[in-house]
Amino acid sequence: MGYVIAGIDPAPFRHLYGLSDAALAAEQVVRMTVTAKPDAPCRVELVDVDPGETVLLVNHEHLPVATPYRSAHAIFVREGAEMPARFDNRVPEPLAIRLLSIRAFDDAGMMTDADVVEGCELEPLIARMFEDPAVAYLHVHNARRGCFAARVDRA
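Letter 5 of the sequence shown, counting from 1, is numbered 5 in the numbering used here, and no numbers are missing.
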């Protein structure tokens with residue numbers, strides 16, 4: 001079974017690019033300069049941002065469902081990110097190198113399964129979870145900090 005891992009739409013963040021730190025603070029956003037790699041994975045481009053570049057630490061509602069699982073958390077977006085990444089049947093490096101929490105959801109936004117896995121073992125878990133026809137999509141989170149990393153859909 002094929003799958004797609006895609007970055008999030010940058011549209012909700014574009015108005016933040018280039019704002020002053022004070023203007024960002026008014027939006028509850030923090031600009032940070034990356035000092036190490038891997039340290040700041042951009043959720044639009046699904047890459048670890050290079051040292052010296054800036055990222056915006058923003059609150060993002062990654063699960064806007066009308067269930068108790070509705071959820072938002074802090075994520076990094078590379079300042080200036082324009083094109084959402086798309087990975088067909090392959091795991092992007094920022095996921096492959098981290099400990100991940102995977103959550104399966106049905107069409108109603110209810111969690112049906114969950115597991116924790118090293119990123120290098122993500123692909124077999126995706127296949128196993130998608131064997132269940134009730135699973136509509138998966139959410140991947142960084143297990144240690146808990147932030148949303150990516151959504152996985154059937155291809």
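It is possible that some hints are incorrect.
Claimed, not checked - The calculated EDC-like cross-link candidates involving lysine to aspartate or glutamate, where the alpha carbons are at most 16 Å apart (straight line), are:
(1) 37 to 27
(2) 37 to 53
(3) 37 to 93
Claimed, not checked - Label-pair distances were calculated between CB atoms; the ranges are:
(4) 145 to 84: 16 to 26 Å
(5) 107 to 22: 37 to 47 Å
(6) 74 to 22: 12 to 22 Å
(7) 120 to 59: 25 to 35 Å
What the hints contain is simulated information worked out from the structure, not anything from laboratory work. Every value quoted in this text rests on a predicted model; they were computed, and no experiment measured them. Note that CB positions come from ideal geometry on N, CA and C, so glycine has one too.
To see whether the hints hold, each was checked on the structure:
1. 37 to 27: 27 Å, violated
2. 37 to 53: At roughly 11 Å apart (the allowed maximum being 16 Å), residue 53 and residue 37 satisfy the hint.
3. 37 to 93: 12 Å, holds
4. 145 to 84: 16 to 26 Å: Check passed, 22 Å falls within 16 to 26 Å.
5. 107 to 22: 37 to 47 Å: Holds: the Cβ-Cβ distance is about 43 Å, inside 37 to 47 Å.
6. 74 to 22: 12 to 22 Å: 20 Å, holds
7. 120 to 59: 25 to 35 Å: Hint holds: Cβ distance 29 Å, inside 25 to 35 Å.
The structure fails hint 1 only (numbered hints given earlier).
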